[in-house]
Amino acid sequence: MARRILTAEDVGAMERGVSLVVDEATTVTAAARDLARRRNITIEEVEASTTAEASPSVRSAAGGRAGAPSGAAASTTAAGDASPGAHAGPVGHLIVTAVGVNRPQVMAELTEAVGRLGGDIQDVSQRITGGYFNAILVVDARRSGHDFKAFRDALLELSEPSDYVVTVIDERVFRTMHRI
Amino acid sequence: MTLAHQEITETLRMLQVEHLDIRTTTVGINLLDCAGGTVAAVAERIYAKIVRYAAPLVEAAESVEAEFGIPIVNKRVAVTPIALVAAACDSDDYTPLAVAMDRAADACGIDFIGGYTAMVHGGMTRADRNLIDSIPEALAATEHVCSSVGLGTTRSGINLDATLRMARVIKDTAERTADRQGIGCAKLVVFCNMVEDNPFVAGANLGVGMGDVVVNCGVSGPGVVRHALAQLGPTADIGEVAEVIKRTAFKVTRMGELVGRETAQRLGVAFGGVDLSLAPTPALGDSVADVLELFGLERTGGHGTTLALAVLTDAVKKGGAMAASRVVGLSGAFIPVSEDRGMIEAVQVGALSLDKLEAMTAVCSVGLDMVAVPGDISAENLACLIGDELAIGMINMKTTAVRIIPVPGAKPGDVAKYGGLLGDAPVMAVSKFSSYGLARRGGQVPPPLQAMRN
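Quick mapping for you: the protein sequence lines, in order, are chains X and C. The opening residue of the first sequence carries number 1 in the working numbering; numbering runs sequentially from there. The opening residue of the second sequence carries number 1 in the working numbering; numbering runs sequentially from there.
Hint data in this document are derived by calculation from the structure and do not stem from the laboratory. Ideal placement from N, C-alpha and C gives every residue a C-beta, glycine not left out. Heads up, some of the hints might be wrong.
What the hints assert, rightly or not - Between beta-carbon pairs, the in silico distance windows are:
hint : chain 1 : residue 1 : chain 2 : residue 2 : range
1    : C       : 9         : X       : 109       : 13 to 23 Å
2    : X       : 146       : C       : 413       : 56 to 66 Å
3    : C       : 326       : X       : 38        : 40 to 50 Å
What the hints assert, rightly or not - Think about it this way: if two alpha-carbon atoms lie no more than 16 Å apart in a straight line, the pair counts; the simulated EDC-like pairs of lysine to aspartate or glutamate are:
hint : chain 1 : residue 1 : chain 2 : residue 2
4    : X       : 149       : C       : 62
5    : C       : 411       : C       : 424
6    : C       : 317       : C       : 257
7    : C       : 398       : C       : 345
8    : C       : 356       : C       : 388
9    : C       : 398       : C       : 196
10   : C       : 398       : C       : 388
11   : X       : 149       : C       : 59
12   : X       : 149       : C       : 65
Here chain X stands alone, though its shape is the one from the complex (with noise of 0.2 Å):
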C-alpha cells in the first residue's frame, strides 16, 4: 500500500471548518494537525477498508462531500509525479538463457514461445556439452507490449527442473559488467 503524507500545506489549501476523512497509509503531520486545528478542520482517521478511495477524501461541514482541493489531491499521494515513488523502468532487450539435459524441440518452443509474446530475436547461441545444452537468446522485447513481468513470468512457465531452466535477465546487467 502506497504511504501518504499530509502535510501542513495541504491543510492550508482546505476550506476552514471542513471534516477530512483519512485512511492508516496517512501520516498526518505535526505541523499538519496543529494548523487544522487551528483552521477548525476536523480529521478523522479510519481504517483503510472503510475509506471508498484511495486518496483522503473532504467532506463540508454539513457532512456533504466537497471534493479534495486540487493542493492537497497532489502531495499527499506518494506515487504523484512531484512526490517520490517507485517507477518501474519500461522492458528493453533481454537475455534469456535455458539451461538442461538435450532432446529434440528445445529451441523450437523458446523461440515459439518468445514469438508468441511479441519479442524480436535479435542473436541466438546454443552449446551442446556432455548432453546438456546451454542456449542464449537476446530478444527485443520493446514492442511486446507487455511489462518485464509478464514476459519474465511467460518464459518462466517453460522452466521444469527435470527438463530445463529458464532464466530471464535485463540485458544492460551483460553490457554493464563487461562493457564500459
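Using the hints, position chain C against chain X.
Here is chain C on its own, set in the frame of chain X:
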C-alpha cells in the same frame, strides 16, 4: 552476438553460484529541516520525512532485483547525524527520536536505519553529550536503529575524553542487552575519519553537505573473487593475483553502479555512488578469510595475512574506481569477525588474535569489526583498545572503526551467537595489563604532522 556466449555464462555463474549480490541500497535522507521545537514535534517530522522518501525503497529495489536477476540483500536508510537535528530541541532526552526512526523503519519494511550519530572529534556540544548518553537506552528501546560516533580525525586529532565516555557507553549498551549477549553493541560503532556517505551499517549516516535525498549502494562479492583466485591457481605470481582481483572488482562494482543508478531513478532521487567494499556474510563461500587463504596462507592470521589483505584491498579499490562514476563510503575489504565463517574458524583454531586483527586494520577499509571480548574488560582498557585503532586511522589518514561487543559474563573461547547476517562471534582474549592511567588523562590528542596539508 555483441555479447559473447562466454561473457553471459560468466555473469550467470557469478549471480547463481558465487553469491554475487548487492549488499545494500541505502537511501540517505537529510533531516535538518526537521529541527526545532519540542522533541515530540521533531520526532513526528523525522518519522514523516523518512517514511515519505523510504517507503517506496523496498518496492523499487525488489523490482530492480527481479529485472536484473541480482539480489539486493539489504534495503536501508541513513539520516543526518541526529545530534545536529536535535540540537535545537528543548529536551535533553533524544530517545524519542530513535524511537521515531525505528517506527519509520518498521513502516518502510527496512532492517536497519543509521544516523543516531554525533561527531565529537574536536569537542562536544550539549547535544552531542545528550545523544551519546542516550545511546544505551536508544539501542535497547529500538530494533532497527544504528548508532555511530566520530571520535577522531587526522585534521583534529582524537578526543580522548569522548573516547572514554564511549567506552562506558559501549559497556552499558552491552549490559542492557545482556539477555541477548550484548547484541546492542552490534548496532554501535565509533570512528576515526568517519565518512559521511557510508551506505553500510552500523556507521551509515548522511553528512550535511550531501544533498537532500540520495541513494548510495554497497557491493559485495568475496565469493566471486574467491572463485577467480581459485581458477588462477597457487603458482601465479602476486602481480597476477592482484590483476585478477582488480578485474573481478571492476565487474562486481559495475553491477553496483547499474543497480544504484536504476534504483535511484525509480525512486526519483539522486544517485550518490558505490561503496566498493568486499563484504562477507556467514554463508559458505562468501568469506574474505577464504580469499586471503587462497593467496597461499594455511589460515588467516598467519604471517603474511597483512600483506595479502593489503594487496586485496588495493586491488579492489583500483578495479572498483574504474567501474564507478563516484566512489563513496569505506571501499576496500571488510573483516568483521562474526560475519565471516573463515574468520571465525581462524579465531577458533588460534590462528587469529586481536593483535593480528589490529595490524590487519592498518591496511583494510574499516577496523575492529564485530569483535567479541570478555564483558569484564574495564572501561579504561576498552577506551585504550579503541584508542589504538583510532591512532592507526589518524596517522594513516584513513577511516578506522571499532564495533566491539563486551559480552556480559563471557570468557575467551566462548561463542556469542547472534544469527542472521551478524553471525556468531568467538570471544577473543584482551590484554590483562591495565591502561587505566592513559585513559584517565583525558584531553585532546594533537593532530599529527600529516594533518598539515594546506
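> Checked against the structure, which of the hints given earlier come out wrong?
Replying inline: 7
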